[in-house]
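**Student:** The chain contents come next:
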Amino acid sequence: MTATSTRTCTLGEFHRFEGGGKQFLYMVTSGAIFEMDGAVGAVVGLLSDAGMSPDELAERLVAGGMTWSEAAETIDELMRARVIVADDAIREPLEAPPADFPLQSLVMNLTNQCNLSCTYCYEFGEDKVATPEGKPKFMDIHTAKASVDFLLAESSGRRSVHITFFGGETLMNFPLLKQVVTYATERATEQGRTVDFSLTTNATLLTPAIIQFLSENKIGVTVSMDGPPDLQNKMRVFANGRGSYDIIAPRVKALIAGHRTRAITARVTLTNGVTDVVRIYRHLKDDLGFHEVGFAPVTTSKDRLYSIDERGMDGVLEDFHALAQEYLEYALRGEMHGFSNVSDTIAELYQGVNKSHPCGAALGLVGVGPSGDIAPCHRFVDSDTHALGNIATGIDREKQAAFLDKGHINGKYDCHTCWARPLCAGGCHHEAFVRYGDTGHANLHYCDWIRDWTDTCLKIFGTISAQNPGFLEQFAERKALD
Amino acid sequence: MKHLKGINKKARRIDAMVSASVAPPEGDVVALQQNPATPAQRPHVPMGCALAFSPGWEVDSAGGTAGLCQPVERDIYDCYVTCFWPAQVPDHLNNYPDWASKCASATKDWRNLDLVFP
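These protein sequence lines are chains D and Z, in that order.
Just so you know, we're using our numbering here: the first sequence kicks off at 1 and counts up by one.
Just so you know, we're using our numbering here: the second sequence kicks off at 483 and counts up by one.
Treat the hints with care, since some could be wrong.
Said to hold, decoys possible - Anything over 12 Å on all C-beta distances counts as not near chain Z; from chain D, calculated:
#1 P102
#2 E318
#3 L332
#4 R397
#5 Y446
What the hints assert, rightly or not - No more than 30 Å apart at the CA atoms, straight line, and that leaves these computed lysine-lysine pairs for DSSO-like:
#6 D:K406 x D:K302
#7 D:K302 x D:K128
#8 D:K145 x D:K178
#9 D:K399 x D:K128
#10 D:K459 x Z:K487
#11 D:K145 x D:K459
#12 Z:K487 x D:K22
#13 D:K22 x Z:K491
#14 Z:K491 x D:K459
#15 D:K22 x Z:K584
#16 D:K178 x D:K137
#17 D:K285 x D:K178
#18 D:K135 x D:K145
#19 D:K355 x D:K459
#20 D:K218 x D:K137
#21 D:K137 x D:K459
#22 D:K145 x D:K285
#23 D:K22 x D:K128
#24 D:K399 x D:K135
#25 D:K128 x D:K355
#26 Z:K487 x D:K355
#27 D:K285 x D:K253
#28 D:K145 x D:K234
#29 D:K406 x Z:K484
#30 D:K22 x D:K459
#31 D:K218 x D:K253
#32 D:K459 x Z:K484
#33 Z:K491 x D:K355
#34 D:K355 x Z:K484
#35 D:K285 x D:K234
I should point out that these hints are in silico values taken from the structure, not numbers from a laboratory.
Owing to the predicted nature of the structure, the values given are computational and were not obtained by experimental measurement.
For glycine and all other residues, C-beta sits at the position ideal for the given N, C-alpha and C.
Using the sequences provided together with the hints, build the complete structure.
**Tutor:** As structure tokens, this is what we get:
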């Protein structure tokens with residue numbers, strides 16, 4: 001008879017946090033969030049310095065006042081939830097998503113032309129990956145229709161799909177946008193399915209007629225905008241260097257007043273000198289009336305003048321905390337706050353996502369450029385290096401598999417000891433490419449920042465769960481499952 | 483679960499799975515011969531025939547029993563002495579300590595093993 005070695009119990013992988021007077025565990029191998037009681041606290045306390053055998057652990061718990069059966073039951077429960085693990089427990093790598101993962105979204109770059117010359121633009125700036133030479137500047141209706149057909153064919157099983165219009169400046173090809181909306185709606189309706197639309201724009205070309213069309217067709221609008229005049233005009237300029245604030249402010253106001261069917265979102269790019277998050281938020285939300293405002297630091301290699309240094313990022317984080325606190329106060333009153341960096345994170349925490357890849361690029365989402373080249377996402381559009389086939393010939397499965405293999409969390413060894421990996425999974429493929437020349441490289445330059453932010457959002461999540469759990473129900477629906 | 487309350491979707495799925503599970507708790511398998519310094523103070527499942535590969539348990543490569551490395555009769559002792567399995571052999575610890583006393587060599591004397599009548 002084989003004798004088993006005495007096993008040692010140690011703490012599993014989790015991040016402990018507090019919120020609303022309660023204690024919580026964020027489970028790293030699953031993405032689950034548990035509220036814990038005092039018994040769990042006792043076990044975690046006993047094991048925090050060193051592991052011990054289950055028997056010894058039970059004895060210590062009994063010495064602390066539990067009965068034997070309570071102690072056994074507690075240990076069993078925590079083992080099953082993997083709050084504690086035995087030293088011979090096998091670490092399971094995350095599975096790769098199925099090779100035939102159905103598309104959900106397609107980003108259509110209607111044009112690679114733009115009427116602004118924003119210094120930091122990833123499509124035209126110093127760190128660009130696009131190679132548009134010799135390719136069409138505007139998408140034609142043939143390519144656009146083929147893209148719609150491709151999306152519908154490759155998304156079998158999904159009741160609803162999504163098309164995002166992108167650029168360049170999207171509205172420079174508005175006639176095509178209109179045709180695509182009509183065509184895609186017809187084709188989806190024929191199949192008993194639905195398609196919804198959104199677009200990203202710099203707002204310079206908005207007219208009352210366009211606004212009316214967007215509203216009538218329930219097209220979601222994200223405006224790329226950096227804040228009040230002094231900040232907007234720093235980077236978001238015309239080719240002659242003139243700032244764009246005065247042109248877009250009245251158009252944005254007209255858009256928000258005239259488009260009543262979908263939330264209007266502002267997307268802010270933070271750069272060196274454009275880091276005053278609270279002031280930007282106030283202006284965009286209160287003065288201009290955006291429903292939601294989201295922020296992201298500029299994607300850049302680190303020696304660019306407009307990249308934010310560490311001190312700058314600390315300031316950004318401080319401001320994020322202030323707005324996050326405000327979000328929490330709103331949530332506890334049952335009101336929606338417009339700081340979408342929090343709501344986006346909370347939506348993922350609510351589902352308990354545990355990502356093999358940082359985003360849906362080349363999985364549920366692809367980008368298509370004016371030439372019909374398929375890219376992992378809009379940020380890689382028109383780049384020969386990153387193309388995954390062409391809309392005329394279909395997706396190149398080998399290239400797609402290679403891209404996904406590279407980006408899988410299992411290969412990002414730096415991430416394997418990080419508790420924030422279920423949400424982050426190493427971060428943006430494009431950012432990694434710009435920073436490290438490799439889409440599969442973990443974005444190590446923002447790890448501390450990601451962990452701090454995830455912790456902040458967990459605390460908000462825990463506090464809401466403790467004090468106003470009904471608020472979280474709005475995050476129950478998950479679009480990707482439709 | 484009693485001590486952990488799931489507050490997101492994934493946690494509630496884990497909760498449902500754990501609550502529905504009837505499998506013996508992980509980590510509570512203790513070999514009979516292990517004799518731990520502090521005996522377990524709670525019910526446990528000893529490690530036995532189902533968990534150890536015991537040669538001679540089944541059939542040989544030809545489908546018979548002649549070529550097994552141990553006689554099939556040995557099986558009965560795997561149940562009788564080293565395993566707790568209650569259904570197949572009498573309880574040798576308390577009520578029938580002498581049940582196998584006339585059967586020193588199972589291959590020769592197995593006929594001396596008789597039924598018991600509680």
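**Student:** Quick check for students: does the CB of E318 of chain D sit more than 12 Å from each CB in chain Z?
**Tutor:** holds, 28 Å
**Student:** For the pair supplied as a hint, K22 of chain D and K491 of chain Z, is the alpha-carbon distance within the 30 Å limit?
**Tutor:** holds, 19 Å
**Student:** Since R397 of chain D was said not to touch the interface, does its Cβ keep a gap of more than 12 Å from each Cβ of chain Z?
**Tutor:** About 30 Å separates R397 of chain D from the closest Cβ of chain Z, which puts it past 12 Å; holds.
**Student:** K399 of chain D and K128 of chain D were given as a pair; does the straight-line alpha-carbon distance stay at or below 30 Å?
**Tutor:** This hinted pair holds, its Cα atoms lying about 21 Å apart.
**Student:** Can you confirm whether the C-alpha distance between K491 of chain Z and K355 of chain D stays at or below 30 Å?
**Tutor:** Distance of about 15 Å is within 30 Å: holds.
**Student:** Can the restraint linking K145 of chain D and K234 of chain D be considered satisfied, given a maximum Cα separation of 30 Å?
**Tutor:** violated, 38 Å
**Student:** Taking 12 Å as the cut and beta carbons as the points, is L332 of chain D off the interface with chain Z?
**Tutor:** holds, 16 Å
**Student:** Do the alpha carbons of K459 of chain D and K484 of chain Z lie within 30 Å of each other, as the hint requires?
**Tutor:** holds, 22 Å
**Student:** Given the proposed pairing of K459 of chain D with K487 of chain Z, does the C-alpha separation stay at or below 30 Å?
**Tutor:** holds, 16 Å
**Student:** Minimum Cβ separation between Y446 of chain D and chain Z greater than 12 Å?
**Tutor:** holds, 24 Å
**Student:** Taken at face value, is the distance from the CA of K253 of chain D to the CA of K285 of chain D at most 30 Å?
**Tutor:** Since the Cα atoms of K285 of chain D and K253 of chain D sit roughly 11 Å apart, the hinted pair holds (cutoff 30 Å).
**Student:** Taking 30 Å as the top limit, are the C-alpha atoms of K137 of chain D and K459 of chain D close enough?
**Tutor:** violated, 47 Å
When each numbered hint is compared with the structure, violations occur for hints 11, 15, 21, 22, 23, 28 and 29.
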